[in-house]
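Sequences are here, hints too, so could you generate the full structure?
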Amino acid sequence: MQAYAQTDILDEVRRVIGDQRPEACYQCMKCTSGCPAAKVSEYRPHLMVILTKAGLAEEVIQSGIIWACSMCLKCKEYCPQDVAPFDVVIALKNVAISRGYKPPEMLVGMANNVLDYGYIMDKPMTITTTEFEEVSRETLGLPKLVHPKNMEKFKKLVSSFGYRRLT
Amino acid sequence: MKMYLYLGCATPTKQYGYELSTRAVFPRLGIELVDMPDSNCCGTPLMGVNRFYNVYAPARLMAIAEAGGLDLLVPCNGCHLALSEASFLLRERRHLFEQVNALLKEEGLKYTGRAKIYHPVEALHDLAGVEKIAESVTYKLPPLKFACHPGCHLVRPSNIGRPERRDGKLKLEALAEAIGLQTRDHPEKYECCGAAMLPYSTDAAIKVVGMRLKRFVEGGFDGVTTLCPYCFDMIDGKQDVAKTITGDRSLSIPTFYYTQLLGLAMGIGERELGLNLSMSPIGSVLEKLRR
Amino acid sequence: MVEELKVGVYVCHCGVNIASVVNVKAVIEYASTLSNVEVAKDYPFMCSDPGQNMIIEDIKAKGLNRIVVASCSPRMHEPTFRRALERAGLNPYLLEMANIREHCSWVHEKQPQEATEKAKDLVAAAVAKVRMMKPLETVKMPAVKRALVIGGGVAGIRAALDIANSGFEVYLVEKKPSIGGNMARLDKTFPTLDCSQCILTPMMVEAAQHPNIKLLTYSEVQSIDGSVGNFTVKILKKPRYVNEALCTGCGICEQKCPYTVPSEFNLGLGKRKVIYFEFPQAVPLKPVLDRDNCVYFKKGTCRACEKFCPAKAIDYTQKPQEITIDVGAIILATGYGLYDVKTKMPEYRYGPSKNVVTGLELERLTSATGPTKGAILRPSDKKEPKNVTIVLCVGSRDEKHLDYCCRFGCVAGIKHAYYIISHIPDAKVTICYTDIRAFGKGYEDFYARIRSSDNVQFIRGRPMEILEDSNGSLYFDVFDQNTNRLMRLTPDLVVLETGVVPDPSFEQIATVLKCSRGPDGFALELHPKLRPTETSVDGVFIAGVVQGPKDIPDTVAQAGAAAASAIALLARGEVESVANVASVNQDLCSGCGVCEPVCPFTAIVLEARNGGRVAKVEATKCKGCGACAAACPSGAMTQLGFEGKQLIPQIEVLARAR
Amino acid sequence: MASNFEPRIVVFACNWCSYAGMDLAGTSRMLYPANLRVVRLMCSGRLEPEHILYAFKAGADGVLVTGCHPGDCHYISGNYKTRKRIRLLEQLLAQFGLEKERLRLEWISASEGEIFTRVAKEFTEKIRALGPSSLKQEKMFAPLISARAAGGGGD
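Chains as they are written, first to last, in my numbering: chain A, 13 to 179; chain D, -3 to 287; chain P, 15 to 672; chain S, 3 to 157.
Because the hints were derived from the structure by calculation, they are not lab data. Be aware that one or more of the hints could be misleading.
Listed next, the in silico DSBU-like pairs over lysine-lysine satisfying Cα-Cα at most 30 Å (straight line) [said to hold, decoys possible]:
hint	chain 1	residue 1	chain 2	residue 2
1	D	Lys185	A	Lys51
2	D	Lys210	P	Lys55
3	A	Lys165	D	Lys10
Since the structure is predicted, the reported quantities are computational estimates derived from the model, not experimental observations.
Structure (C-alpha cells):
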C-alpha cells in the first residue's frame, strides 16, 4: 500500500471545508471517545481524518462508513486542534458523491426530492394515531405545503453549482 | 409582532403535533405567525450531498424573509442550524456572500443578513420572556418531573452562537419551570437522538435513541420535553422499535413538545395541540396534567 | 575641515541562511556603486572573529569611518558589531545594519530574485542613513545594589538565596501569608518521590533567616517606577492583625478560634480556622487573621484569640502598611495557577461532581498535612477509591483552551497513579493519555516503572466528556488506540491533570513594567534560546513558570540563571544611559513647550535663556523614544541616531523603486 | 500594466514590539510578499507624519505603520501619540486625492509574527488592487511637505 497516493482528495476536502485543517490532527481520540455513532457502528472519526491526511480517503469512501455520522457536531465542538472531523467527513461525502459513489438509498430519495419538490419529502404523510385514527394535513385543518414558487428556476439554480440527481 | 413561520421538512410532513401546538401558542403570546410564501429545504440533511446547497438554501430562505420584511421562526433544530451557520459563513467569507447573492439575484432576491432567526426556545425565552409565559398560563401544571432534551444543533457548534449553552441552565428548563413543571439534570442531556443515522442504519440509529431512553427511564422522570421534530420523532416515535432492537422492554417514557405543554397550561384543547398524535404512552401523564 | 566619508559595506552569508536565497555577490556589486562606498565585501559568518577582524582591519587600513553590516536582525548582533567598531577605534554608533535575514531571506525563501532586490534596497538605505550618522556618547549612572524578587515560590526563594549569598541585599515579596508557593502543596516530587515539604522547608527557613534577605509576606507590589539600576517600588503589606515581633508562633490562637472556613491552601477540600497558619510549615511561622470572616470584625464579639494569646500579639488595630524601596534589579517569579476547567470545560464535570478533582487537589488529598491526613479518600463520601481514572492534557494542547503543553502533567499523572496504588493496594488506575512526554532526567525510568505495574493501565485516548448518572456515579467512554477498542470507564474518582496559566497577579505587574507577554499570557523572554531569563525591560528578569510552564528542576535552574543575571548587574554597580537620546538645538527652539508634556519620563524642562525660555533635555532621564522630536513644530528637537536628516534619506531609498 | 504592478510599501516599526514581531516571522520562516521595506525606529512615537509624506513622495504605494498594542508601549504612551497623528494624517491624505487605505496602522506585538505576516499579505493585496499611487509623479506635492501642515506638533 502506498501512502500519500491520493492527496488530491485532501485538496478537495480543503476546498469544501475552507478553514479547517485536517493536517493538524494529532490523534487524541477525543472525537471517537464521544462519538454516538462510534458506540453503535464501526465509524471512527479520528480514522476519517488521519486517513484523509495520509491520502487514503478512498478507502473510507468506498467502505460507505462515512454515511454513519450522526451529525451531532460533538467532534467539531470539542476537537482540540479545530480539525472538526465532522466537516472533514462532510467533505468526504461530497467527494464521494462527485466521484459517483452511492449514498444510502434513503438519502438518494431525499436528495432527489429536492429537485422535484424543493424539499426532502415528496408529500406530507398520513399518520395513524395510537387510537387508529388516520390523520393528514387536510383532516387536521393545516394549510397546504409551500414549495419554491418557480420550481423550474429553483432546479436550474441548484443544478448550477453541481447539485445533481442521484441514481 | 409578526414573524414568518418556516417549518422545514419534518414538521409539516409528519410532526403535526409540533406544527399545531406552535400555531396555537404563539399568537397567544403576541407573536403572529405568517406562512412563508415560497420556501425550500434548508439543506442540513443534504450537507453530505452538496455542501454549498447548505449555504445557498438557507440564504434563499433568509432573503425571502428579508423581502417580506419579517423575521423568521424556525421550529426545527436542523433548519435553525442551517440558517445560523449560513449567516455566520456569509458574514465571515466574502466570496461566499458574493457567490450566493449572484444566484439569488436570478430570482430577484438579495441576502444582506437583515432578517433575524428565532428558534421557538429563543422566541419564548428571549422575546416573550419567562415572566410573560408564566403570566400567560391559565393554570400552573403540576410539578411533574421532566427531562429537557435540547438536541445537538441547539447547543453546537457554539462558535457560531447557539440558542442553548452547555454551562448552566437550559432556556428550555427555565421555560418548563415557568409553567409549573419540575426539571432535573440528566447525564446525557446534550447527547444525540440518532435521527441523522437513519439513512445509514435504522438499527444503529435506534440503538442511539435507546441509550437516551434508558437514561430517561433510569432517571425516574415523568416525561421528556423537547423542541426539535427530529429528536421528538426518535424519542416519542421509536420507543416500540427500540424495545425490540435493544431487547429492553422498559424503554418507555411519555414525550411532549414544550409547545404542547405550554398549550395545556394556557388551557388550549388537547386535539388542537395534536396530543392525540403522540406515539409514546402519554395517557397517564396527560391525566395528571389536566386541570 | 569636512571629513571625507568612507563607507564600508559588509554582507554576511550567515552560512546558507542568507546566501541560499539572496545573491550576495550581486548585492556586493550593487553596494560598491553607491556613493561614498569605499569597500564592499562578503563573508560566510560576519559575526565570527575573522569576520569582525576583517571589518576592524579595513577601518584601520582604509580609514573607513562609516560601516554598514547586512546580516541578521540588529536585535541580534548590533551590540557585537558596535564593539568591533569600538575595537577599531571608531565611534560604535557610526554603524547601520541591514536586516537581510529575518526580514528578507527567511521570509522570501521562495522568491530569490525579489529577495536579492530587496536586500539591495535595504543595503542602499543603510548606506544612505549611515552617511548622515554622527558619533554618539553614553553616560554611566550608578545602580542601586539591591534586588527585588516578586513571588515566594521555589523559583523566588532560590533566586533570592543566590543573590543574598553573593552578598547583595534582596527583598522577597510574597502575596500569601507564607512563602513556599505551589510546591509547598505537593506531597511528593517526581521522579525521585522526595517528600516535597522535606526538600522545600529547609530552603524556606534559610531564606527567612538570611541576613541579606528581607522577607515581605502577605504583601503585594503596588507600583514600580524608574528603570534599570534605579527602580522605585511601592509595596503594600497587608495587616495580619498579629504583631509579628511579639508572636512566638505557638498556635494557641488558632486552636482557640471557634470558627472555620474552607482552606485556600487545601483548595477548598478542608477547613481552616479564621486565625490560621497557612500550613504547618509556614514561613514565617506567624498566623494571619482573616478579617472578612472574623466575628470580632463583623460583630465586635469573640476576641478569643486575643484572650488566649500568651504573647499579647493580637492587634486588631493593625493597618495596611506602604513600604517604598529602591532596587537596581527585579526578578519576576510569580508562578502559575490552574486553568479554570470548571467554567471553561463544563464537559468534564469538575465542580458539579465532587469526585472529579484536579491533580493539585489530589496532592492535598495525599499529603500528610492535607485535609485527610494523608489518606486518599474521595471527596463525596470519604471512601477509598478503588477505581481511579487520570486524564492528561485537560485544557492543554487545545486550540480552544490552552494551545501549549503544561510540561509536567504527564509525569505528574504517572506520579498520581503511584500515589493511588501505593496507598490503596487493591486500587486500579487508568491513565488516559495523548502522548506521554517524560522528557526530564529520570522521568522515562519512572514512567517505565509505573507502566509495569499490574494495577495501572494506560489508555491512548482522551475522553470527550465525563458523565454522572442520577446516583452520582461517573461514567464515560474513551477510545483506546492501543487496543483499538471503545472502552466504557466507570471510575469512582477522576483526576484531571489540568493545564497551567500564569498567576493572575502577573498581568498587572507586566502592565506596570511594560514587560512583553506572549499570546498565552506568559512573560516573553528576550530571546527564547540565548536570553531566556531576560525580558524586554532592562533590569527585569524572569524565573520559573512566569516565563512558561516548566517542572521543578527547570524552574530552579532558571531561578539560578535569573539570579546570576541580576547579580551581574548589581556587581557592575552602574548602568549605561541610552545613546539615542533626544537633543535640542536651543538656537532653533521657540520655547513653545509642546515637547514637555509629550515626554513620559519628565526628561524635558524649560529653562530661561536670553529673556525667553527654551527646552532642555536631561539625558540621564531620557529613554530615547523620540516622541518629543516628532512633536516639535520648529525642528529644534531631534532624536540622536534617528534624526530627520538621517531617516529621510533612508525612507526615500526604501520608497523609491529602482 | 496593472497585472505587472508590484507595489512598493514602506513599513515603520518600533524596536520593541513590531520589529521584534517581524523578526519572529522571520525566525519562524513565515512567508510574506517581498514588497515591504522596513524602517526601524525605537518607538512609533518618533514617527512624524512628514516622514510618511516623504515616503509617498519618493514613490511608496502604501505605508504601514506598526507599533505596540495599546497599553504595551515600551515608552508608556508613544503608540497613543502615533494613533492620533495617523488619524489626522489620514484625513489630509484624502484631501489630496490619495486613498486613505494606502496608509494603515497596525499594532503588532513581539509575539505576533503570524499577525504581521497576515497583515503584510493583506496590505500588499489591498495596495495591488488600488494600483500605483497617483502621487508618484506629483511635483506639486513637495510644497505640501515643506509647509509642515501635517500636524507634526500634534500630541
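Going through the hints against the structure:
1. Lys185(D) <-> Lys51(A): 17 Å, holds
2. Lys210(D) <-> Lys55(P): Outside the cut-off at roughly 81 Å; violated.
3. Lys165(A) <-> Lys10(D): With a Cα-Cα distance of about 27 Å, the restraint between Lys165(A) and Lys10(D) holds, given a limit of 30 Å.
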